[in-house]
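Participant: All chains, please: the whole structure from these sequences, using the hints.
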Amino acid sequence: MRDFLRRQRGTIGYPELGKAAEERGFESLFVPEHTHIPVTDGPRLDGSGEPMDPTWFRMPDPFVALGAVAAVTERLTLITAVSLLVQRDPIIFAKEAATLDLLSGGRLIVGVGAGNVLDELRNHGVEPAQRGAVLDERMDAVKRLWTQDEAEYHGKFVDFNPVYSWPKPVQQPHPPFYVGGWSRPALRRVAKRGDGWLAPPLPADDMRTKVADLRDLAGREVPVSVTYTPSDVEVVHAYEEIGVERVALIVPTLSRDETLTHLDTLAEFVAKYSN
42 MRDFLRRQRG TIGYPELGKA AEERGFESLF VPEHTHIPVT DGPRLDGSGE
92 PMDPTWFRMP DPFVALGAVA AVTERLTLIT AVSLLVQRDP IIFAKEAATL
142 DLLSGGRLIV GVGAGNVLDE LRNHGVEPAQ RGAVLDERMD AVKRLWTQDE
192 AEYHGKFVDF NPVYSWPKPV QQPHPPFYVG GWSRPALRRV AKRGDGWLAP
242 PLPADDMRTK VADLRDLAGR EVPVSVTYTP SDVEVVHAYE EIGVERVALI
292 VPTLSRDETL THLDTLAEFV AKYSN
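Numbering of the sequence shown is given in the working numbering, commencing with residue 42 and proceeding in unit increments.
Don't take every hint at face value.
[Unchecked claim] Calculated pairs, EDC-like style, for lysine to aspartate or glutamate (alpha carbon to alpha carbon, straight line, at most 20 Å):
{"no.": "1", "residue 1": "Lys313", "residue 2": "Glu286"}
{"no.": "2", "residue 1": "Lys313", "residue 2": "Glu64"}
{"no.": "3", "residue 1": "Lys209", "residue 2": "Glu191"}
{"no.": "4", "residue 1": "Lys209", "residue 2": "Asp190"}
{"no.": "5", "residue 1": "Lys60", "residue 2": "Asp298"}
[Said to hold, decoys possible] DEER-style ranges, computed between Cβ atoms:
{"no.": "6", "residue 1": "Ala312", "residue 2": "Gly166", "range": "44 to 50 Å"}
{"no.": "7", "residue 1": "Gly146", "residue 2": "Lys233", "range": "25 to 31 Å"}
{"no.": "8", "residue 1": "Gly146", "residue 2": "Arg99", "range": "26 to 32 Å"}
{"no.": "9", "residue 1": "Glu68", "residue 2": "Thr188", "range": "24 to 30 Å"}
{"no.": "10", "residue 1": "Phe198", "residue 2": "His77", "range": "29 to 35 Å"}
Honestly, the hints are just simulated from the structure, not real lab data. C-beta: ideal position from N, C-alpha, C; glycine also.
Facilitator: Structural data, given as structure tokens:
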């Protein structure tokens with residue numbers, strides 16, 4: 042862990058990363074979120090029981106980071122992948138996202154998820170067993186704040202009388218909501234409330250089955266973006282054949298110069314794949 046933290050202090054900043062990605066022809070930048078990671082006496086595990094990625098310990102706020110990127114780019118799509126709306130006040134979340142969409146000229150995709158670090162959820166006052174229901178209400182409330190001049194919402198977990206909330210997003214009716222996760226409840230959430238699915242890098246056969254199930258649930262073609270995709274031509278081709286619209290290639294935590302070199306390598310991979 043100490044070596045990782047030392048490396049991270051010398052890595053590239055988000056504005057330079059975003060500008061470098063746009064200059065190399067990348068379409069989008071994905072930024073994840075963890076508000077904090079609780080300290081434990083035992084192994085640090087996520088909700089699935091797997092060891093945590095050490096990058097989780099040092100994540101910046103995604104809206105602040107993407108706002109800095111928006112200021113130095115013109116075309117790059119800005120994606121939270123995922124922001125933990127279940128851990129955030131929906132009124133503040135709606136204003137942050139709308140402000141970023143406005144200042145970026147409508148370049149925001151809002152990826153959301155229910156969270157998988159259980160003590161992190163609890164520290165925000167959310168019981169893990171209720172996180173799906175909390176997320177559903179907060180998504181609905183945020184949409185109203187984005188789209189209604191006098192918005193109100195009355196639910197079990199979110200409740201407010203009519204309010205004014207400005208600015209409104211540039212995109213109409215609102216920035217796309219992409220939902221992360223791959224469980225059956227997550228797919229139902231995509232189908233009912235989402236504008237797209239943020240999928241993990243599943244094996245091609247599993248991805249094909251999930252995409253078919255999702256489109257059956259939704260009764261429509263649902264855009265799919267895949268996170269943490271390996272730089273493997275066969276994998277990317279398989280996803281393309283399934284109908285995936287976008288893949289996010291991995292940028293590890295490296296020094297500034299190593300990061301720029303890695304971006305060059307990824308750009309070469311994209312160029313070869315596209316030919």
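Participant: Indicate, hint by hint, whether the structure satisfies it.
Facilitator: Status of the hints after comparison with the structure:
1. Lys313 to Glu286: holds (18 Å)
2. Lys313 to Glu64: This hinted pair holds, its Cα atoms lying about 17 Å apart.
3. Lys209 to Glu191: This hinted pair holds, its Cα atoms lying about 12 Å apart.
4. Lys209 to Asp190: Distance of about 9 Å is within 20 Å: holds.
5. Lys60 to Asp298: holds (14 Å)
6. Ala312 to Gly166: 44 to 50 Å: Hint holds: Cβ distance 47 Å, inside 44 to 50 Å.
7. Gly146 to Lys233: 25 to 31 Å: holds (29 Å)
8. Gly146 to Arg99: 26 to 32 Å: This hint holds: roughly 29 Å between Cβ atoms.
9. Glu68 to Thr188: 24 to 30 Å: holds (26 Å)
10. Phe198 to His77: 29 to 35 Å: violated (21 Å)
Comparing the model with each numbered hint stated earlier shows that hint 10 is the single one that does not hold.
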